[in-house]
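Asks: Letter by letter, the chains look like this.
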Amino acid sequence: MSTNGRILSVNNLSVSFVRWGQEVQALQSVSFEVTKGEWLILVGPNGSGKSTLLNVLSARLDPNQGEIQLNGRTIGDMSAQDMAENAFYVHQNPLLSAAPTLTLYENLLVSDIHSHHRSEKKAQLLEKYTALLEPLGLSGRMKQPAKTLSGGERMLLGLTIARLRPGSLILLDEPFASLDPGKLELCLKSISDLNALGKTIIQVSHDPEVATTLGTRTLVLNQGQLSLDVSGTKRSTIDIQAHWYTTTEKSSVHV
Amino acid sequence: MTWFVPLDIGITVGLIFSFAVVAFGLSFRLLNFPDLTVEGSIPLGASVFAILLKSGAPFPLAVLAALLAGGLAGALTAIIHVRFRLNKFLAGIIVIAISYSLCLRIMGASNIGLLQLTSIFDPVQGFERAVSEYFQLGKILLLSLLLLLCVGVLFFGLSTLKGIRLRTAGSNPEFARSLGINVPTNIIIGLALTNALAAFSGVLLATYQGFTDVNMGAGTLLLALAALTIGERLLSERRLSFPSFVLAAAVIGSLVYQVVVAYAVRFGLASTDLKLVTAVLVLIVVAFRVSQDGELLSETPK
Chain G
1477 MSTNGRILSV
1487 NNLSVSFVRW
1497 GQEVQALQSV
1507 SFEVTKGEWL
1517 ILVGPNGSGK
1527 STLLNVLSAR
1537 LDPNQGEIQL
1547 NGRTIGDMSA
1557 QDMAENAFYV
1567 HQNPLLSAAP
1577 TLTLYENLLV
1587 SDIHSHHRSE
1597 KKAQLLEKYT
1607 ALLEPLGLSG
1617 RMKQPAKTLS
1627 GGERMLLGLT
1637 IARLRPGSLI
1647 LLDEPFASLD
1657 PGKLELCLKS
1667 ISDLNALGKT
1677 IIQVSHDPEV
1687 ATTLGTRTLV
1697 LNQGQLSLDV
1707 SGTKRSTIDI
1717 QAHWYTTTEK
1727 SSVHV
Chain P
5 MTWFVPLDIG
15 ITVGLIFSFA
25 VVAFGLSFRL
35 LNFPDLTVEG
45 SIPLGASVFA
55 ILLKSGAPFP
65 LAVLAALLAG
75 GLAGALTAII
85 HVRFRLNKFL
95 AGIIVIAISY
105 SLCLRIMGAS
115 NIGLLQLTSI
125 FDPVQGFERA
135 VSEYFQLGKI
145 LLLSLLLLLC
155 VGVLFFGLST
165 LKGIRLRTAG
175 SNPEFARSLG
185 INVPTNIIIG
195 LALTNALAAF
205 SGVLLATYQG
215 FTDVNMGAGT
225 LLLALAALTI
235 GERLLSERRL
245 SFPSFVLAAA
255 VIGSLVYQVV
265 VAYAVRFGLA
275 STDLKLVTAV
285 LVLIVVAFRV
295 SQDGELLSET
305 PK
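First to last, the sequence lines map onto chains G and P.
Per our numbering, the very first residue in the first sequence carries number 1477; after that it's consecutive.
Per our numbering, the very first residue in the second sequence carries number 5; after that it's consecutive.
Treat the hints with care, since some could be wrong.
[Stated by the list, open to error] Below, simulated DSS-like cross-link-like pairs (lysine-lysine); rule was C-alpha separation at most 27 angstroms, straight line:
{"#": "1", "chain 1": "G", "residue 1": "K1512", "chain 2": "G", "residue 2": "K1598"}
{"#": "2", "chain 1": "G", "residue 1": "K1665", "chain 2": "G", "residue 2": "K1710"}
{"#": "3", "chain 1": "G", "residue 1": "K1604", "chain 2": "G", "residue 2": "K1512"}
{"#": "4", "chain 1": "G", "residue 1": "K1619", "chain 2": "G", "residue 2": "K1597"}
{"#": "5", "chain 1": "P", "residue 1": "K166", "chain 2": "G", "residue 2": "K1619"}
{"#": "6", "chain 1": "G", "residue 1": "K1598", "chain 2": "G", "residue 2": "K1623"}
{"#": "7", "chain 1": "G", "residue 1": "K1665", "chain 2": "G", "residue 2": "K1623"}
{"#": "8", "chain 1": "P", "residue 1": "K166", "chain 2": "G", "residue 2": "K1597"}
{"#": "9", "chain 1": "P", "residue 1": "K166", "chain 2": "G", "residue 2": "K1604"}
{"#": "10", "chain 1": "G", "residue 1": "K1619", "chain 2": "G", "residue 2": "K1659"}
{"#": "11", "chain 1": "G", "residue 1": "K1619", "chain 2": "G", "residue 2": "K1665"}
{"#": "12", "chain 1": "G", "residue 1": "K1619", "chain 2": "G", "residue 2": "K1598"}
{"#": "13", "chain 1": "G", "residue 1": "K1598", "chain 2": "P", "residue 2": "K166"}
{"#": "14", "chain 1": "G", "residue 1": "K1604", "chain 2": "G", "residue 2": "K1665"}
{"#": "15", "chain 1": "G", "residue 1": "K1623", "chain 2": "P", "residue 2": "K166"}
[What the hints assert, rightly or not] Going by beta-carbon spacing under 8 angstroms, a handful of chain G positions derived as facing chain P:
{"#": "16", "residue": "E1543"}
{"#": "17", "residue": "T1577"}
{"#": "18", "residue": "P1621"}
Calculated directly from the structure, the hints in this document are not laboratory data.
For each residue, glycine too, the CB sits at the ideal point set by N, CA and C.
This is chain P alone, in the form it adopts within the complex (with noise of 0.2 angstroms):
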């Protein structure tokens, strides 16, 4: 009866990521911003949630501190690129480095346990035990319900004439600019927005694991990469509205993604070997893709 166990995981896990999956594919997709800060928020927002909840703050607090530190972080890496015009990918790697001496400092440790502590799952736990002892049951229709929250609030705001001046914005920055839409303003805020739902899956993942480390975000981009390249490939743009492609996308990408990792994992997969295969992955998603219809996903103006 363990054969269901890597399902149960890889849907878990694959759950708490697809905040950080969806916030890379906003960037990436909508704003066209290659955002690699999702590596240095996803520890941040863990360390500063770990270290306030520690210290007795109440857990909403602690929450809400982490998204406000992701999305300053995201907010930096936007400045960096928009203010002082760095290259997008060098702008990410500076607040990535920034964001890792931070987490020392702020957890005062490279770890912090969690185990004690008052956890998002709390409330589920009773329903979950009762439910099955295999499953995680609980988790998962807590952690459904936060995403099904978080893609709708997304797909409605990116429908407003906000979001769609957003879009604007990171679509083709000079016809923004000719409409009179602030591009620089807009790609702040819509990195600090990702950013902010970057550090949530930190959060998750540290309630999730039960303590945080300074290097929980190291891979993720790669993951992100591969939910979102495999997602996109299982869902047709044409059905779909842009911004519900990618948001669905995402989504669906970073479970089937981790589902996938986690059989491989228990069907003898050496953990050390999961960057190359991921990679790997990628690379051979990516040319099936050209091969098939060119570059229909990643028309940019030039």
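Chain G with its partners taken away, still in its complex shape (with noise of 0.2 angstroms):
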């Protein structure tokens, strides 16, 4: 596209809801932009936006002001399904990452753009999903509904699903909360995976030696506002956690 390999621009971005009677302030002014092939760690304390910078940019919550131009295109003016054959949004908690009623074969199947078209046989499919599942320790449960995996299980298979999907931008909330130590090694080799395949990939995490140790960029966000953006080989360097805990206490000061 005309965007010289740039895939997401955010601009000034300002969103706030009430709550309790009380405005709360969720993201304020924040603009960065995000190159094609990128993997954005977005890291920050509790309650710093994060989850909410997420959902606008999954087109699940409407800003109240600013703009976001995915592939060239302003993300308010797009379709739902527009939006889905751009982005794929795995859902924080693991037990939403997948239909639970349905097969993991099903669960595949109907987030398999392939399938739609019908380009590909149900052998074949079948054959590429088991390829999919077999490193994951997963491919014998094919026919087994997605609600007996565990919550581990059921993350692997949302970023399965993530991979399949057209979207070039996959949109990850948390996705090592409550992973055991194997658990996490898969799901991280599945992350770094669908970022090999060429996704660019924005997690979100509340963990500082995530966010300088995975990935190829750093955003802090901090009570709303962008306050660190580093990419690169600088990022082992940078005390993230030192760097939002003295922001916060200076902002306390001012209650």
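Two independent chains are provided; combine them into the complex using the hints.
Replies: And the structure:
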């Protein structure tokens, strides 16, 4: 597209909502751009606006102000169908990352654009899905409903679904929450595979270590504002946690 | 030689109601929509069928119009829920109320007799008399055939990509939306189909008992819930795919429930106590299930 490899541009984004009679400013004038193939870690303390930003990016929440361009088109003007073809959101709660009463096969089938166009036969699809689930240890459970999977397994299923989606932008809300070490490793591998396939990833985390060791770029959100944006090798030298705690304390003086 | 009469009646009535139980099971389990509308779409379907047949319309047309009326009732419930965000139960209650008045308007009376008119059972009447004077074998065979056809079509439909998309919309609406599936449209279509099925149950019931009554749907919901609960208890979800589990549970549950009721009434259960007994039966089965395998069957995303 005519955007020189830019997949996402967020311009002066503000979101506020009324909670219990009080206005909460969740995001304040947030602007940034994302290039195709980046793996962005969005980090910040609880309530900093990470999930709100992800909700706006996935068109599940309308901003009060500002504009987001996804693949050169304004998100507000895109239909749900367009949105689904350009971006995919993996829910924070792994229990919501798939349809629980559908089998793994059906979950993958309904997510797979190739099955819709009937460009692949059932045997081919089955073979493809088996190959995807094999490394996750789930290929033997193709005919079982997704609700029989554990939380960690469902997160892996959600990431496999993301891989089958046509959209080049994948939004992940705290994918590592409540995973055991083994699942964590598989989950990490799945995400880096997605990135290697050319998908752009925006991953929300509240873990400062994740923010400096994973991905290609780190954005720090603090009280609804972007307070840091670093990429490359510089990231490992930054003490993100110290950064956000200082700003929180500073602002608390004014309250 | 009358010990099998309740069995005969139970199977026949069970087959007739199994269409409504299947309808309720599909909306409840596959669409996650505990749809109360069935209680209204049964008499609505029956009234439309009765008045058209009585005014001389051809039999197939009367049946088709009944299915359409049931479908519209279901679609209305779904629209009230998805467009006006009204609670699923309240949406159903509103449509039941609408159906009640509509039935009276359509029929112009609280009931219509159908005994002298064309019946769905006409083709098997001669056969039935020839085979046995006690058993309604012809009706049972005809109903089984219709049910088999209907369940077969449903099973096939639910395993196509369109069917899987419909089930995704029911199972996890948010996930469905993220896949670009139009959830409201799917719920509307789904409830229209299930209530057309319930209306067909109404048509069969009206034909079987020889009249349509505005109150003929009353109690169907409890009956459907009881039948479905019993059916799910009797079958193992592990051996079947989820749609076939729900379909089979609805049919088997409906048959078992009606046969048991027929025998219970024969052995002295007052029909006035039937609802109480059914309600207690549902509670016992549910309590037993919860104590045995937790919430295995009712897992819904929170």
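Asks: Compare the structure with each hint and give your call.
Replies: Here is what the structure says about each hint:
Of the pairs offered as hints, the one joining G:K1512 and G:K1598 is violated, with about 32 angstroms between alpha carbons and a cut-off of 27 angstroms exceeded. Between G:K1665 and G:K1710 the CA atoms are separated by roughly 23 angstroms; this keeps the pair inside 27 angstroms, and the hint holds. Of the supplied pair hints, the one linking G:K1604 and G:K1512 holds, its CA atoms being roughly 26 angstroms apart against a limit of 27 angstroms. A C-alpha spacing of about 18 angstroms is found between G:K1619 and G:K1597, which places the hinted pair at or below 27 angstroms, so the restraint holds.
Taken as a hint, the P:K166 and G:K1619 pair is honoured in the structure, with Cα atoms around 19 angstroms apart against an allowance of 27 angstroms. Note on G:K1598 and G:K1623: the hinted pairing holds, with a Cα-Cα distance of about 23 angstroms set against a maximum of 27 angstroms. For the given pair, G:K1665 sits about 23 angstroms from G:K1623 by alpha-carbon distance, which is consistent with the 27 angstroms threshold. As the CA atoms of P:K166 and G:K1597 are separated by approximately 16 angstroms, the hinted pair is consistent with the 27 angstroms bound.
Note on P:K166 and G:K1604: the hinted pairing holds, with a Cα-Cα distance of about 21 angstroms set against a maximum of 27 angstroms. For a cut-off of 27 angstroms, the pair hint linking G:K1619 to G:K1659 stands: about 21 angstroms separates their Cα positions. Between G:K1619 and G:K1665 the alpha-carbon distance is near 24 angstroms, which keeps this suggested pair within the 27 angstroms criterion. Between G:K1619 and G:K1598, the direct Cα distance comes to roughly 14 angstroms. Compliance with the 27 angstroms bound is thereby established for this hinted pair.
Distance check on the hinted pair: G:K1598 and P:K166 sit about 15 angstroms apart at the alpha-carbon level, within 27 angstroms; holds. With a C-alpha separation of about 18 angstroms, the suggested pairing of G:K1604 with G:K1665 holds against the 27 angstroms cut-off. A C-alpha spacing of about 21 angstroms is found between G:K1623 and P:K166, which places the hinted pair at or below 27 angstroms, so the restraint holds. Below 8 angstroms, beta-carbon pairs count as interface contacts, and G:E1543 has none with chain P, the closest being about 22 angstroms; its hint is therefore violated.
A cut of 8 angstroms between beta carbons decides the hint on G:T1577: the least distance to chain P is about 5 angstroms, and the hint holds. The beta carbon of G:P1621 is positioned within 8 angstroms of a beta carbon in chain P (closest approach about 6 angstroms), and the interface hint is therefore held.
Violated hints, in rising order: 1 and 16; the structure is consistent with all others.
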